[in-house]
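Start from the sequences and build out the full structure, keeping to the hints where you can.
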Amino acid sequence: MSEDQKIITEVTESDYKWGFISDIESDQAPKGLNEEVIRFISLKKKEPSWLLEWRLKAYRHWLTMEEPTWPNVHYPKIDFNDIIYYSAPKAKPVLNSLDELDPEIKATFDKLGISLEEQKRLSGVAVDAVIDSVSVKTTFREALGELGIIFCSFSEAVQEHPELVKQYIGSVVPSTDNYYAALNSAVFSDGSFCYIPKGVRCPMELSTYFRINSAGTGQFERTLIVAEEGAYVSYLEGCTAPMRDENQLHAAVVEIYAHQDAQVKYSTVQNWYPGDKEGKGGIYNFVTKRGLCYGKHSKISWTQVETGSAITWKYPSVILKGDHSIGEFYSVAVTNNFQQADTGTKMIHLGKNTRSTIISKGISGGKSQNSYRGLVRISRKADQARNFSQCDSLLLGDKCGAHTFPYLEVNNKTAIVEHEATTSKVGEDQIFYCNQRGISTEDAVGLIVNGYCKEVFNQLPMEFAVEAQKLLAISLEGSVG
Amino acid sequence: MLEIKNLQARVEEKQILNGINLIVKPGEVHAIMGPNGSGKSTLASVLAGREEYEVTGGEVLFKGQDLLEMSPEDRARKGLFLAFQYPVEIPGVTNANFLKTALNEIRKANGLPSLDSKEFLQLMKEKMKLVEMDKAMTQRSVNEGFSGGEKKRNEVFQMAMLEPALAVLDETDSGLDIDALRIVANGVNALRNKERSFVVITHYQRLLDYIVPDYVHVLYKGRIVKSGTKELALELEEKGYDWIKEENGVHI
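One line per chain: the protein sequences are A and L, in this order.
Counted from 1, the first sequence has number 580 at position 449 by the working numbering; the numbering is strictly sequential.
Counted from 1, the second sequence has number 28 at position 26 by the working numbering; the numbering is strictly sequential.
Hints listed in this document are in silico derivations from the structure and should not be mistaken for laboratory results.
C-beta: ideal position from N, C-alpha, C; glycine also.
Misleading hints may appear alongside valid ones.
Below are the BS3-like pairs computed for lysine-lysine, each with C-alpha atoms no more than 25 Å apart in a straight line [unchecked claim]:
id : chain 1 : residue 1 : chain 2 : residue 2
1  : A       : Lys585    : L       : Lys102
2  : A       : Lys396    : A       : Lys585
3  : A       : Lys208    : A       : Lys411
4  : A       : Lys498    : A       : Lys512
5  : A       : Lys411    : A       : Lys530
6  : L       : Lys247    : L       : Lys223
7  : L       : Lys120    : L       : Lys110
8  : A       : Lys188    : A       : Lys297
9  : A       : Lys556    : A       : Lys512
10 : A       : Lys477    : A       : Lys452
11 : L       : Lys102    : A       : Lys601
12 : A       : Lys176    : A       : Lys297
13 : A       : Lys601    : A       : Lys585
14 : L       : Lys110    : A       : Lys601
15 : A       : Lys585    : L       : Lys137
16 : L       : Lys120    : A       : Lys585
17 : A       : Lys601    : L       : Lys223
18 : L       : Lys65     : L       : Lys27
Only part of the chain A face toward chain L is listed, based on derived beta-carbon distances under 7 Å [unchecked claim]:
id : residue
19 : Val204
20 : His205
21 : Phe563
22 : Tyr564
23 : Asn566
24 : Gln567
25 : Arg568
26 : Gly569
27 : Ile570
28 : Leu578
29 : Gly582
30 : Tyr583
31 : Lys585
Quick look at the structure:
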């Protein structure tokens, strides 16, 4: 191994810094999956009967489905009866202020560096935090309420706004959509709900923080965002999970519904535990995220920075139904050690003059495998549809892999579809150039990789961009000998 | 400042430097000339610590310390600067961000506090004048899409910002038109002082009309075969390198 390769290996094999386990009492469902467990969850959450029926229908359909094998990822078969599907921290039922929050939960947030108080005071970000399955605290609810904005946990939305939940749940991702979406629909325990009324521009970034805590639990959260005509919202999602030997399943669903002239910007920084250097443990992140640009001139943007999880299987997509609607996907996916990522997007053009942009940056180090998989479909009626895709891969070292699977289906002659792809390596020349200016190899790799991701980071809200840069630096950190 | 004793080095299996001896004192400018393939750029790379170049013998002292023992970044932090013959592009990293990182690393290593953004911008503004550089260049990605002349000018700008004790200029004149050459040379001359030393590697005498050296050395087949003052450069310009080859060729 040459000196540079050795350095790159060291730089890319860093340890996970968020691997601590919180000792919070939790209220769990028995292990395993059957209709009884689903009834237990529904009962726990005091759900109306239509929702229980909806869950059961999803479960019965799921039983008929096969686990997908087409992604370019490999893992042992999951035993779905060896998972605890519901785990709620025992907190006081109603919280009026942050002071009432379980001190352990608060300490967890402090360790994550997202102290609610800090966020509340300094950044003006409204946070809906989800530990395991139940949303524990929503801040800024009142201020938002004055504008008619609803931002609460999914369970609360079921209780307080059942008509909205009933109208929109499954409208973008049907309960039978795919294997993991069906599983989520059957057992989802909580998540976030966000509703922006007509003509309202949400004055602050809305944020949720997900964290998988109890051992052996899957996290099945569900997020639903509805933007009425002319509404605007920027939504942030951050994720971490403690270090554990066994693999934990995370199968979430996110649905976004945008009416005419509405704009939704959804940003994710995902840092689930990726497993150790030998590939043991880590999160299986099988997520369905989809937005529907239902109305004319609506716009949905996905921006994601994916640094964690043992396996990531995720394709935030946009269905461009309304004429002149716009879909965007900006992604940075970093894989290290034995991580596997199969991620990308789907842009489905149905309306006229619809436009989509895809910018994907994959970075692979260690022995990881990083795949971009993207579908651009231009339907027969989508006159003048346009798509631009750019998929870049950066390799650190020579034992990792980068793959690109672009699918283009163009059924309309007036469409313009462009696809660009590049693969490059962090050059020894670049590192030496930095060294010669006094910059260490570790910092040089960080600098070069951050530069490479700039187009995507520019899409993130300011405070998230800073966090993403730090995360990237940490994922690539290591001691240089 | 710099003391090179019997330095030998190779790339892969090819021996290129065959015993170089050179002493550069503070404030001196030494020009190293020589035909293609004589080892000029190898010398620059070995001094900067490029990994592919293996030192097979000899010794180099920089400010009295063993240079060859130091990592490339430590050499830079101690004040050795190499102006690259082929400056490298770093997409997405602005020149300003790159230089701020570099400058603060060097300052940290020397026990100096980091410059804040305001101080850094002030310093940049001052140094940009030296190479007649446009402000927009500092916000462009490092060397990306720069013309040949812009890249070389950017190297001299970086040198001005980092204020090294010893600057090695590796064919900084190559690919420059006469105006760019003048700008680059003026930048270098503005940085000359009693403390700072330069090793100017060039193929042509032309650069030395602008950067007047104290000494000129001729490198041939990995050895310094002739040393003199600036008149030697003129003689080379007039007669070419053939007479050097004839004088030395048979012996090696």
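Here is how each hint holds up against the structure:
1. Lys585(A) with Lys102(L): Holds: Lys585(A) and Lys102(L) sit about 18 Å apart, inside 25 Å.
2. Lys396(A) with Lys585(A): Status holds; Cα separation ~18 Å.
3. Lys208(A) with Lys411(A): holds, 15 Å
4. Lys498(A) with Lys512(A): Not satisfied, since the Cα-Cα distance of roughly 44 Å exceeds 25 Å.
5. Lys411(A) with Lys530(A): Roughly 18 Å separates the two Cα atoms, so the pair holds.
6. Lys247(L) with Lys223(L): holds, 9 Å
7. Lys120(L) with Lys110(L): At roughly 18 Å apart (the allowed maximum being 25 Å), Lys110(L) and Lys120(L) satisfy the hint.
8. Lys188(A) with Lys297(A): holds, 15 Å
9. Lys556(A) with Lys512(A): Violated - the C-alpha atoms of Lys512(A) and Lys556(A) are around 41 Å apart, more than 25 Å.
10. Lys477(A) with Lys452(A): With a Cα-Cα distance of about 13 Å, the restraint between Lys477(A) and Lys452(A) holds, given a limit of 25 Å.
11. Lys102(L) with Lys601(A): Holds, at about 18 Å.
12. Lys176(A) with Lys297(A): OK: Lys176(A) and Lys297(A) at ~16 Å, within 25 Å.
13. Lys601(A) with Lys585(A): Satisfied, since the Cα-Cα distance of roughly 13 Å is no more than 25 Å.
14. Lys110(L) with Lys601(A): holds, 20 Å
15. Lys585(A) with Lys137(L): holds, 21 Å
16. Lys120(L) with Lys585(A): holds, 23 Å
17. Lys601(A) with Lys223(L): With Cα atoms ~49 Å apart, Lys601(A) and Lys223(L) exceed 25 Å; violated.
18. Lys65(L) with Lys27(L): holds, 10 Å
19. Val204: violated, 28 Å
20. His205: violated, 32 Å
21. Phe563: This interface hint holds because 6 Å falls under the 7 Å limit.
22. Tyr564: holds, 4 Å
23. Asn566: holds, 4 Å
24. Gln567: holds, 5 Å
25. Arg568: Check passed: Cβ of Arg568(A) comes within 4 Å of chain L, closer than 7 Å.
26. Gly569: holds, 4 Å
27. Ile570: Because about 6 Å separates Ile570(A) from the closest Cβ in chain L, which is inside the 7 Å limit, the hint holds.
28. Leu578: holds, 6 Å
29. Gly582: At 3 Å from the nearest chain L Cβ, Gly582(A) passes the 7 Å test, so the hint holds.
30. Tyr583: Holds. Min distance 6 Å.
31. Lys585: holds, 4 Å
In terms of the numbered hints stated before, the structure departs from hints 4, 9, 17, 19, 20, listed from lowest to highest.
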